[in-house]
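Dock chain B against the given chain A, drawing on the hints supplied.
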Amino acid sequence: MIEANLLGLLNIDSFRHDLIQNIGVAIMSLSVIFVILGLTYFKKWRWLFKEWLSSLDHKKIGIMYIVVAVLMLSKAGFDALIMRTQQALSVGNHHGIVSSSHYQQIFSSHGTTMIFFAAMGLMFGIINLAVPLMIGTRDVAFPWLNSVSFWLFAAGMILLNTSLAIGDFSGAGWLAYPPLSELQYSPTVGVDYWIWSLQIAGVGSLLSGINFIVTILTKRAKGMNLMKMPMFVWSILGSMTLVTFAFPVLTATLALLALDRLIGTHFFTSGGGGNPMMYVNLIWAWGHPEVYILILPAFGIFSEIVATFSRKKLFGYKSMVWAIWAIVILSFTVWLHHFFTMGAGADVNGFFGIMTMIIAIPTGVKIFNWLFTMFRGRITFSAPMIWFIGFILLFSIGGVAGVILAVPPADFQLHNSLFLVAHFHTMIVSGVLFGYFAGIVYWFPKFFGIRLNEKLGKIAAYLWILGFIVAFVPLYALGIMGATRRMDHYSASMGWQPLFIVAGVGVLIIGSGLLAIVAQVAYSIYKHLDYRDKTGDPWDGRTLEWSIPSPAPSYNFSVLPTIKKPDDFWDLKQTNRKVELNYSDISMPKNSYLGLFISAGAFSFGFGVVWHIFWLSIIGLILIFSSIIIRTLDENTEYIITKESLIRDDMKFYGEAK
Amino acid sequence: MKFFKIIALISVPLFFIASIVIYVSSHNAQVFNSAGIIASKEKSLILFSLFLSLFVLLPVYIMLIFFSIKYRADNKSSKYSPNFGSSRIVESVWWLIPTILIFILSIVTWQSSHDLDPYKKINSSTKPINIQVVAMDWKWLFIYPEEGIATVNAIYIPKDTPINFELTADAPMNSFWVPQLSGQIYAMPGMNTKLSIMSDKLGVYSGRSANISGEGFAGMLFDVNVVNQSQYNNWVKDTRLSSRVLNNTSYDQLAKPTENVTPFSYSFVSPELYKSILYKYNATDDNMSKAMGM
Numbered sequence: 001m002i003e004a005n006l007l008g009l010l011n012i013d014s015f016r017h018d019l020i021q022n023i024g025v026a027i028m029s030l031s032v033i034f035v036i037l038g039l040t041y042f043k044k045w046r047w048l049f050k051e052w053l054s055s056l057d058h059k060k061i062g063i064m065y066i067v068v069a070v071l072m073l074s075k076a077g078f079d080a081l082i083m084r085t086q087q088a089l090s091v092g093n094h095h096g097i098v099s100s101s102h103y104q105q106i107f108s109s110h111g112t113t114m115i116f117f118a119a120m121g122l123m124f125g126i127i128n129l130a131v132p133l134m135i136g137t138r139d140v141a142f143p144w145l146n147s148v149s150f151w152l153f154a155a156g157m158i159l160l161n162t163s164l165a166i167g168d169f170s171g172a173g174w175l176a177y178p179p180l181s182e183l184q185y186s187p188t189v190g191v192d193y194w195i196w197s198l199q200i201a202g203v204g205s206l207l208s209g210i211n212f213i214v215t216i217l218t219k220r221a222k223g224m225n226l227m228k229m230p231m232f233v234w235s236i237l238g239s240m241t242l243v244t245f246a247f248p249v250l251t252a253t254l255a256l257l258a259l260d261r262l263i264g265t266h267f268f269t270s271g272g273g274g275n276p277m278m279y280v281n282l283i284w285a286w287g288h289p290e291v292y293i294l295i296l297p298a299f300g301i302f303s304e305i306v307a308t309f310s311r312k313k314l315f316g317y318k319s320m321v322w323a324i325w326a327i328v329i330l331s332f333t334v335w336l337h338h339f340f341t342m343g344a345g346a347d348v349n350g351f352f353g354i355m356t357m358i359i360a361i362p363t364g365v366k367i368f369n370w371l372f373t374m375f376r377g378r379i380t381f382s383a384p385m386i387w388f389i390g391f392i393l394l395f396s397i398g399g400v401a402g403v404i405l406a407v408p409p410a411d412f413q414l415h416n417s418l419f420l421v422a423h424f425h426t427m428i429v430s431g432v433l434f435g436y437f438a439g440i441v442y443w444f445p446k447f448f449g450i451r452l453n454e455k456l457g458k459i460a461a462y463l464w465i466l467g468f469i470v471a472f473v474p475l476y477a478l479g480i481m482g483a484t485r486r487m488d489h490y491s492a493s494m495g496w497q498p499l500f501i502v503a504g505v506g507v508l509i510i511g512s513g514l515l516a517i518v519a520q521v522a523y524s525i526y527k528h529l530d531y532r533d534k535t536g537d538p539w540d541g542r543t544l545e546w547s548i549p550s551p552a553p554s555y556n557f558s559v560l561p562t563i564k565k566p567d568d569f570w571d572l573k574q575t576n577r578k579v580e581l582n583y584s585d586i587s588m589p590k591n592s593y594l595g596l597f598i599s600a601g602a603f604s605f606g607f608g609v610v611w612h613i614f615w616l617s618i619i620g621l622i623l624i625f626s627s628i629i630i631r632t633l634d635e636n637t638e639y640i641i642t643k644e645s646l647i648r649d650d651m652k653f654y655g656e657a658k
Numbered sequence: 001m002k003f004f005k006i007i008a009l010i011s012v013p014l015f016f017i018a019s020i021v022i023y024v025s026s027h028n029a030q031v032f033n034s035a036g037i038i039a040s041k042e043k044s045l046i047l048f049s050l051f052l053s054l055f056v057l058l059p060v061y062i063m064l065i066f067f068s069i070k071y072r073a074d075n076k077s078s079k080y081s082p083n084f085g086s087s088r089i090v091e092s093v094w095w096l097i098p099t100i101l102i103f104i105l106s107i108v109t110w111q112s113s114h115d116l117d118p119y120k121k122i123n124s125s126t127k128p129i130n131i132q133v134v135a136m137d138w139k140w141l142f143i144y145p146e147e148g149i150a151t152v153n154a155i156y157i158p159k160d161t162p163i164n165f166e167l168t169a170d171a172p173m174n175s176f177w178v179p180q181l182s183g184q185i186y187a188m189p190g191m192n193t194k195l196s197i198m199s200d201k202l203g204v205y206s207g208r209s210a211n212i213s214g215e216g217f218a219g220m221l222f223d224v225n226v227v228n229q230s231q232y233n234n235w236v237k238d239t240r241l242s243s244r245v246l247n248n249t250s251y252d253q254l255a256k257p258t259e260n261v262t263p264f265s266y267s268f269v270s271p272e273l274y275k276s277i278l279y280k281y282n283a284t285d286d287n288m289s290k291a292m293g294m
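First to last, the sequence lines map onto chains A and B.
For the first sequence, position 12 matches number 12 in the working numbering, and the numbering has no gaps at all.
For the second sequence, position 284 matches number 284 in the working numbering, and the numbering has no gaps at all.
Only chain A is shown next, with the shape it has when bound in the complex (with noise of 0.2 angstroms):
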């Protein structure tokens, strides 16, 4: 199906956009010219390019990612009003603000943004900044390829919001089942724009996922047996063994939907002999997996917060590993529950209905830890441990809701509905998001070498905490009134508008919550005198990102650790322990272009197929295997730092600090 234009299908009127999406492109333009015009004016350029485009460092890697995440956070965060405010004025004889084809697009995006850009993005951020400095390492297993892994998910971003100036995106929800995200119903490109970004995404995801797991299974400091692992990194191990077993099922997946629009397989089709069931069978075997993916991290950020503030050891660890392991496998085997309404039978509903509340049971071992960690502790309560409190709270309620979900009569009453929306949103907010937050606020000295402000954080997690209780306890309230997801309209005499108007309220407290964390950022950098951390060791903690400078150094280490103990920095300092410190030279991985140029051929690829420009996906598959030959060919890709600059580093800070 070689078009003969050049340009494929794309033409003028792939540019013609209503108002609301004219707004939305003018700002993402001003956005992106407004850099480009600082950075041309601070001569930042150089900078860029040297000190982060190119930086195989997991930290400024790690920083990339949460810059990325917290941009889409926004952006799909603006979705999500313009969603509240249609549903709050559509209703009988008035249609809102966008049109219908318009509002499935922007829940769409909204959906696949917040899960794919902002809390995957989010969530490798925080590993890449974490995990190596917990398991006292210099770097992970493969720096460059970490590289290729956020070039990768930062071309699937720029395609998907390519979407908004160029053509139209997907009107077939986050998840695009079929036949609806088939040709037959879906002819323009927005479906094909979904599945490229997530599958270019997707991509990189995995590979971050086996090189986290080869990092932690290699790269521990000396006498750091599993069991002596930090919390944190036993989660990020669950997790990634879960990235790596079900992002090939996405990968594969949408490639059978991608064939199916692409030369007319019919795989999925509803005639022809396809099957959408399959479908829906194949996504939800890698998307319930992926909810865990996502919450893994996040009850490793909470174990390691709870312990710090409450000065007290972890309880449980060893239930906590067990519960973390017995959620990884359980994870693949409820994929089911997702859709009890298709009418599998009573056997099959059954047995999947049981399974998903077996997960529930580490999870509430998890949360009864994380409670006895606390009790007979010191509790300071910080930033950090507000979230923590705000997650507890409201996650156990979604955590109830979900119970309800899993028996499958109470799902045919409750599936699609609002309800439904209102639990899956409790998980990845209170859960997920307040997660990330919260780790945010606990590693930020470490990386940046100032402290955040207290006061705003503090009122930007009660703002997120009420902002999340008067946005979605109206959405289960209209579940139970049978209102369905994805309206754009509705009748008046349902009665739903009320909690409508006050569920929009809530989103616009959520709002001011995003912007006081903007605030507590901003604020803490323009006082950074008053806020730096001298000691590198802020909260007093126990695990060994803690035991080296703030901010961290490139190479982390000046000497590479030796553990005894678990939480061996809070046994140093109790014990008063002394360490010997042994310099030596280290070599540490030279920066790299080749990256950014994979990261450009895979944008051209997936741009190419999306408009059917081929000779564009041609040359975009050309630069990215000759960037793989070209690294692969490249010995000189290490550069050594000497002993005398270790110790004078040292020297430097440590005597500042005194």
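Hints may contain errors.
[Stated by the list, open to error] Calculated cross-link-like contacts (lysine-lysine; reagent style DSSO-like; alpha-carbon spacing at most 27 angstroms):
no., chain 1, residue 1, chain 2, residue 2
1, A, K313, B, K70
2, A, K573, A, K643
3, A, K313, B, K79
4, A, K455, B, K2
5, A, K643, A, K564
6, B, K194, B, K159
7, B, K79, A, K573
8, A, K43, A, K590
9, A, K219, A, K578
10, A, K455, B, K70
Just so you know, the hints here were simulated from the structure itself, not pulled from any lab data.
Just chain B, lined up with the frame of chain A:
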């Protein structure tokens, strides 16, 4: 001051949640306001699992609040054991309590999955009525095969009579949902799903599609009119007088995408229509018989 703060932090959300609950209970909470035997069983199942979950939820909340207050850093009088990191007894309790609760709930789940299986026909001395449902772009077609009539976006059924739905789609996947009568079942192209319901209360109950199926999805609304037997008989008689008939030609006309369709009816339906819609997506007879569950 501190005390006041804690009280405020707890009572403001509680007050908010209470007012939402009051709002919902003073309006039509369709899932709980059941008018059919299936919906009312499903409602009690929701409430039972909620009740059981409280045995975990309440201890969590109580411990969270109690520990937060008692073990805060400035309360030096409370005990501090920084190395208290495990206890076989305590940990066994948390593995055990949820396990017991989940065990109870599992039995309920297994039984209710079978008892409320949508494919299971409802036992009753009254002769059931069969209705064939076709989800279309973007409206619902309801065929009464025995009566030979059909309606669009409206159902009439007699009270206390089992209704056996068979569902398919000539459109993307949809989900058939009348919250006051029963839970959902998907309507999918080339597939035949089933659902049995029985209403025990006269009235008009709103139904909709719960699964996104394209632009007109939000307008796929229909009313289920539960009437008594004689009113039902009259309705069938009146419908037979309608000037519209549903054959292949008029079906093709109906199949064109339309939005927010006002209900209307057909006095005659060609008997093989439902099969032919199913058959459209299944090229072989073998697939056909599988799709029909034969």
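Which numbered hints turn out to be false for this structure? none
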